[in-house]
Amino acid sequence: MKYKNIKIFIPIMCFALAISMFSCVDDLNVTPIDPSVTQTFNQDQVFTKIYSSLAATGQKAPDGDPDVKGVDEGFSAFYRSIWNVNELTTDESLWAFNDTGIPELQYNNWTSANLLLKGLYGRLYFNITLCNHFLEQTVGKDDAITKKQRAETRFMRALNYFYLLDMFENVPFMETVTLQASAFPIKRTDLFTYVDTELAACEKDMYQAGEAKPYYRVNVVANWLLQSRLFLNAEVYTGTAKWDSAAIYAAKVIDPSSGYSLCPTYRQLFMGDNAGVLDGSTVNMAPNEIIFPIAQDGIQTKNWGGSEFLIASIHSPDMPSSGISVQWSCARARATLVKKFFPGNAVFTDNNDLTTAKAPTLSVKDSRALFLKGGVIIKKKDGSADSINTATRTMGIISNTFTQGYSVIKFSNLRADGGKTHDTQWPDMDIPFMRKAEAYLTYAEAVYNGASPINGSAVNAINILRSRAGKTTALTSLTKQNIIDEWAREFFFEGRRRMDLIRFGQYGGIGTGYTWDWKNGIAAGADIDAKYNIFPIPSTDLNANPNLTPTPGY
Amino acid sequence: MKYTHFKLKLRSLVAVLVMFAISATVNAQQISISGIVKDAGNGEPVLGVNIFEKGTTNGTITNFDGAFTLSIPSNATLVIKYVGYTSQEILVAGKKNLVIQLKEDAIALGEVVAIGYGTVKKNDATGSVTAIKPDKLNKGLTTNAQDMITGKIAGVSVISNGGSPGGGATIRIRGGSSLNASNDPLIVIDGLAMDNDGIKGVANPLSTVNPNDIESFTVLKDASATAIYGSRASNGVIIITTKKGVIGSKPRVSYEGNMSVSTIKKTLSVLNADQFRSYVDTLYATQPATISKLGTSNTDWQKQIYQTALSTDHNISVIGGFKHMPYRFSLGYTNQDGIVKTSNFERYTGAFNLSPSFFEDHLKINLNAKGMLVNNRYADGGVVGSASTMDPTQPITSTDPVYVNNFGGYYQWYTTDSQTGRTVGNLNAVKNPVATLNQKKDVSNAKDFIGSAEFDYKVHFLPELRLHLNLGMEASTGTQTLYIDSLSASDTHHGRQGYESISKINESLSYYMQYAKEIGENKFDVMGGYEWQKFHREKTNEYQGFETNVVDPKTGHIGGYDYSSTPSKNENFLVSFFGRLNYSFNSKYLATFTLRNDGSSFFSATNRWGLFPAGAFAWKINEEDFLKDNNFISDLKLRLGYGITGQQNINQGDAPYLPVYSISKTGASYPLGANGEYLTTYKPVVYNSDLKWEQTATYNAGIDIGILNSRITGSLDYYHRVTNDLLNTVEIPAGSNFSNQVISNIGSLKNDGIEFSVNAKAISTKDLTWEIGYNVTYNKNEIIKLISGTKANYVVETGGISSGIGNNIQAHAVGHAASSFYVYQQVYDSITGKPIPGKFMDRDKNSIINGDDRYFYHNPTPDVTMGLSSKLIYKNFDLGITLRASIGNYVYNDVAASHANISISNVYSADAFTNIASSSLETNFTGDNLGDYFKSDYYVQNASFVRCDNITLGYSFKNLFKVISSGRLYATVQNPFVITNYKGLDPEIGTIDGKTGIDNNIYPRPMITMVGLSLNF
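Chains as they are written, first to last, in the working numbering: chain R, 7 to 560; chain W, 62 to 1078.
Hints in this document: simulated from the structure, not taken from any laboratory.
Only a predicted model underlies this, so the values are computations on that prediction, with no experimental measurement involved.
We put the CB at the ideal spot given by N, CA and C, even for glycine.
You may find that some hints are simply not true.
Heads up, simulated BS3-like pairs for lysine-lysine below, C-alpha to C-alpha not over 30 Å straight-line [stated by the list, open to error]:
(1) W:K519 with W:K115
(2) R:K75 with W:K630
(3) W:K115 with R:K154
Chain W is nowhere near these chain R residues, computed Cβ spacing over 10 Å in every case [as the list claims (entries may be wrong)]:
(4) W116
(5) D149
(6) S188
If we take Cβ atoms under 10 Å as the criterion, some of the chain W residues that face chain R in the derived model are [to be verified]:
(7) Y622
(8) F663
(9) T667
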C-alpha cells in the first residue's frame, strides 16, 4: 500500500469510527437479560407471591433475595416476626440466644430501634404493597378467576392491616402503590373500621363454606374467623366492645356448615403430615380443623421463618427427635406457662413417647401439655427430676441457658402415619395459622362477656376443647381466669398470646395483678409500663416518613 | 454497537496492520559499529539504552554490560536515548568503536508517566499522580500485583484479605468515597479499564497480571487526574503498563524464580486438653453426666490444621526486537501451598507483546495478549475458628464403629436422625477441623484472557495530530467445584457436590485524537475521544447431595438431595466522550482541563449522562528567575486541582431503574395450585427510577520538590473530598415501594487528608548507595448527611458479627466516620478492673439499659498510615527493608467476643463441648445473665501496628559460565514481625464480605522465608 492511499484510508476509517460511536449510544437502553427477572406482570405468579409471602422471606430458599432488608432475613418472616413479639414478650416463652433485639423483647424494654420490630413492620407493609400492586394491576378485570383472586387479596391486605392495628396503633395507610410517597397515618379506630369493612366487602367473592377449593387458599370461613378476632378485641382497639359481633362470627365458624371440625388428636395439628391427604397421610386429620394453613415443605418451601424455627428452636439434640436433625436449643417455656397445666405441686406419672402419634395420656389428662417427655416428669434439662414448685428458682436467667426452663415439644416434623418426610433438615409441617378451635374460645369469651348465645353456652364451648384434649372433667362454670388460661393451654407458642393478655388487662400497665417470670427483666416478674401495650413505629420509618409521629412513650 | 460490528472493525484493522508490515522495508549500505554506554556520573554501564540511526527505525539497545552493536551507514548520525538522561546525537563518521557517556538529565524528570488516554512528562503533571516501578530488589513473595504497591505510595492502602494463597486485597485510595457503592479503585491495564467484579479463582483485576510482566504502576489520586475516567474514577485509578520489547535488539532471555517456605506465626491461645479437663471438672462438678462426655486424648487442633508450606515461582521472559518489530513474551508458573492444610494456588501465565512502529514512527502499534490459568484449592474458612474451639480432649480419629461407619473414622459430635435412625453430625456442635479439611474439596479453575490492540497514528500531513485507537477485551471463565464427602459431619450420609461457574466477556473500544502545537511560549495539547464498553457476565450453579432418589410425593420432583440452582446473567454498557486540554505558558505555568461525559446503562434515559469536569493548575516555581540558578532546589512545583468524578458501580442488577419481577428459585415456591401443586412466584422488585450518578468533588493542593539535583524528592498533598448524591441504601416510607429500603442518591460524605512522601539517595558513591523512601498519609472520613430529612439520631446499623443472629456492631451516622463502632460502654469492676458481664453504662440515664444506650466509639480505618523502605547497595550486595505502619485503626475482636461466654450453659451446650480461649479466662464471663456482653466497647480494640513487610539480602554477579551475562541471588524474609498492642492474632483486618474491621478468624498471614534467583542470558 502506498503512503498516499494510507493518508486517505486512515482519515476515512477515523470518520467511520466517529459515525459509529453515535449508534453505540443506543446500547445504553438495556432490557435486563437475567433469566431470574421478567418485566411482565403475570397474574397467577404474583398472586401466588401474596400467599407465599406469609411463608417465604424472599425469592431464594432459605434466604438470599430478601423482601425486607436491613435485618437478618429470618427475622423478616411473617409468622416468625409475629410470633416473636406475641410470644417472647409474654408469660409463654423465652429465647436463650442473644439474637438481635431478643433480649429487649423478652425483658419488655424494647425501643423503636429494635430490629425485630423493624423486620415485622417491614414484612407487613411489604405484603400490603404487594396486595395493592395486584389490585391495581387487575383493576377492572371481572372474570371469575380474577374476582376470587381479588377478593382473597383484599382479605390478605386486611389481615396484614389487622396486625398493624393490633400492634402499632396509628400506622401509615395506603391502598395504592405510589413510589416514594409518604403515606399519612390512620387512626386506630379508623383502621378498625377499614379492616371490618374490607372483610365484609370481600366475603361474597371468596370461596364459600363447603365449596371445594385449593387447600392453601382461603375461603369465607377464614374471613369470618378473622372478623370474630377483630370484634373480640374491639374494645382494646376502639374503646367500644363488640362481643355480639364476635360471637356471631365465631358461631358461623363453629357451625358444622362451615365445613370444618376439630381434629380429634390435638398433636396432629402440629406434625409433618398436617396437610393430611395432600401429604399422603390418611391418619392425620388436621385439615379438618385448619382453616388457613401456611404451607411449609422440606424441598419446595424452605425458610427460616416458619416451622423450621418453631421445631428447631424448641428442640435440643438430647431430646427425642423432632423429625429434623436441626436443633437450636433456644426456645423454652416460662414457668408460668407450665403452671397453666400443672398447677400446684403436681407430679406426673404417665409415660408418653413423643415418637408416637398418640395423644399423651397424662395424669392431668390434657393432651395439649406438650412439654418434654410429657408425662413422666417435667424435666430439667440436665436430666434431674424437678417438681414444678421449684421452677421459679431453677429457671435462673434464661438468656443464655437452655439447661434451665422447660422444653416444649408441641411442634415436630414427625408424621402421624409414621412415614418419612421430605427432608431431614427442613420440615414439612404447615403452620396451622388459623384453626377452628379459636372460634370456640372466642365464642366462649364473647358470651361470657355478655354476647347473646347463638350456639350453646360459653362453658360448653370451652368444654368441647377440653374434651378434645382428653380432659375427663368438664367445667361447670367459667371465670375470667379460666378463659385466659384456656387461651394459653390451647394456643401456647402459636403466636397470639400478647393480644389475649392485653384484652384481659394482664399485660402492660401498673397494677395488672399478673406478672410472670422475667416480666420486666426481673426474675420474680414485675409490672411494665402501659406504653408496652403498643409497639413503637420503627425509628427507620419515622425518619423516612415525615408524616409520622413517634408512638407515645417511645 | 453490536458485537458483530465490533468484530468486523477488528478484522479490517488487522488487515491494515498486515499491509503496513509488508510495505515497510529497509535498504542501505552498512558498516558494523559497536560501543559501550556508561553513566557519566559513576561510570557504570547502562542497560537498555536506545540507540538508533537518526531518521530511521534501525536501532538496538544496550545489553547488561552497556554494550551494543549496530549495522549502519558509515555517515549516519546515532541517536542515543534513555529515560532520565539527556538525549545525544553522535556522528558516526567511520568510527567503529564508541564509548558514550550518558549524562543524567539536569532535572532528571524527563520521565513519562501514563495518565488516562495518554502520557505526560512527570514534571508537567498537574494532578496528584504517583508513578512507581516495581522494586526489583526487595519485592518479597509477589503473587499478586497488589503486593508490589503495598505501603509504597502515600494515600494508597493495600490490605490483604488474610494469608490464603492467591488471596485478594482491599485497596483504598484516599479512603472510601462511597458508602454502599464500591470503594475499589479503577484498574486500567494497558489502556483497558477493567471490570472490578472478579470471577471464581481470580480475586480482583490486579490478579490478572503476572507481577513479573509489569513495567510500571501509575496511581491517579486527585480528581484533576482521574476525572478523565469520569464515572468510575471516584476511588482513584491504578494504571498498569506491562513490559515491551525493544527495537532492533537481539533476543535476550531472562529467568526469575524463587522458592519459599511459609510458616504460621502465631495461633490463638486456647486451653490444652488437661487445662480444659480441669476447667470442666470444676464447672460441671454437680453434673457427672456432662463430665463423662470428656475424652481422654490430648489434641492440639490448631497444630493439626496448619502446615509448613512450600511454594515455587518461575518466570521466563524473552525480550527483543526483530528489526522494527519489538517483542516480548513471558511464561510464568506459580505453585503456592497455603499454611492451612489442603489450600493451594497454582497459576500458569503467558504474556505476549508486540509493539512495532511504521513509517518513521508515524504509526505505532502495541499488541498485548495475556493469558492465565489458575487452579486454586480453598481450605474451608471455618477451620481456623473450629480448630480453636474443638474439644482438645477428643481424638482426631477413632476406630469406634460409630465414627468409622458414619464419619470416615474422624471423631465428631453426633446425634441420631430419628426418621432414618442414622447417626448424623451434630449441626450445632463444632466440627472436627481435620475432617472438614480432608472431606471437603473446594477447587476453582479459572481461565482469563486479556487482549488489547493499540494503534497510534501521527498523521503524515499534519504531524501534530495523532489518532489513537485502542481495542480491548477480557474473556474469562472460572468454575468452582465443591465436593463434600458423604461421611462429613456437615452433610452426613448425603454429602454435597456442585459447582458455580462465572464467565464474563468485557469488550472495549476507545478512540481519541490528540493535537499538540507550540506557538511561541504557548504549548497546547488537545485531546478528544470516545469510549464504548460492554460488560457481560453469566453465572450458573448447581448444588445437590448425592442421594439422588429423593422424590417429592407432592410434585413428583426428582432431584438430588437439597438441589439448588440460581443461574443469572447480566449485561451493562458504558459510553463516554472525553476531552482534555493541556496548556503551558513559558514552561512555568501549566493548566489542564478535562471533561468527560459518561452514559451508563444502569440509569434511566433522564439520568443516564453524567458530566465530569476537572481543572488543574501548576506553577513550576523553579523555572522562575529567582530560583533558576539555585543549586539547592532543583525542582519546585505547586499544584492546585479541582474536579468532579462519579460512581456507577452499584451492584444492583442490569437496570435498577426499571420495574421488574423477580422469579422465585428452587425451594421458594408455594403450593397454591388446585391440587397443591407448587407454583413459582413473581415478586415486584423495589426500584428507584430516579437513580443517578454519585458525584465526588475533590480539591487538591500539592507541592513537589526536588533538592540537590533531585537527590531528594518529595511531595506534599492536601485534599478535601465531598461525595454528594451518595448511592446509599436508605429506608423509604413503608408501603411506598416493594421493600423497606432502596438504593437512592441521598447523603454526603467527606474525606480530608494530607499525604507526604519523600525519596532520598542518602548515599551515592561508586561502591555504596543508600536510598530511602518514606510516605505518610492522614485521612479523616465523616458522614455529613444520610437522610433527606433532618431527624437527629438516625443510624444505619452495619457490620454483622458472629454472636447471636442479626447482631451488628457498627453504624453509619452523621458526624461520624462510616462504619464507626456503635457499642455499649462497658462497666468495670472497681476492684479487679475486669469488665462486668452484660453491665453497661446507662448513658441516657433513664434507668433502662437498652439499644438507646449505645454510643459511637472509634472506627476501623486508620488515621495515619506510613510506609518506609530502605535500600542499601554495597558493591555486589544489596539489602532492602520495607516497613509499614497503621495508627488509629480499631478492630472489633469478634474472635474474643464470640469465645467469651464460658458459663455452664455454653461450654457444654447442644450436646457438645466448646474449648475456651485464654482471653475468655481473663474476662471470665461465667454468670447466667450475660446479656449483650459482646456488644461492649471492651471488644473494640486499638489495632495500630508496625509491620515489617520484607527484608531482602541479595548478591549480584556477572558473566557466569559464559552463558549467563548477569544475575542475582537473594534471600527474603516476608512478614518477619508485627509490633502491636492488639490482643487478637493479627491487627490488620481488611474488608471481608463487605465488612470492615471485624476480626473473625481470618486466614492467618504466614511468615515467608524465600530464596530467589534472577538470571539474564
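Closest CB of chain W to the CB of R:D149 still more than 10 Å away: With a cut-off of 10 Å, R:D149 remains clear of chain W, as the shortest Cβ separation is near 16 Å.
Holds or violated: W:K115 to R:K154, with C-alpha atoms at most 30 Å apart: Measuring from Cα to Cα gives roughly 89 Å; hence the hint is violated.
Separation of R:S188 from chain W, once the least beta-carbon distance is taken, above 10 Å: violated, 4 Å
W:T667 as an interface hint toward chain R, with CB separation required under 10 Å: Violated. Min distance 12 Å.
Evaluation of the interface hint that places W:Y622 against chain R, nearest CB under 10 Å: Holds - the Cβ of W:Y622 comes within 10 Å of chain R, reaching about 8 Å at its closest.
Non-interface label on R:W116, tested against every C-beta of chain W at 10 Å: R:W116 not clear of chain W: closest Cβ-Cβ about 7 Å, inside 10 Å.
30 Å limit on alpha-carbon distance, applied to hinted pair R:K75 and W:K630: Answer holds: R:K75 to W:K630 is near 23 Å, not above 30 Å.
Hinted pair W:K519 and W:K115, Cα distance within 30 Å: holds, 18 Å
Per-residue hint verdict: W:F663, partner chain R, C-beta under 10 Å: holds, 9 Å
In this structure, the hints that do not hold are numbers 3, 4, 6 and 9, in rising order.
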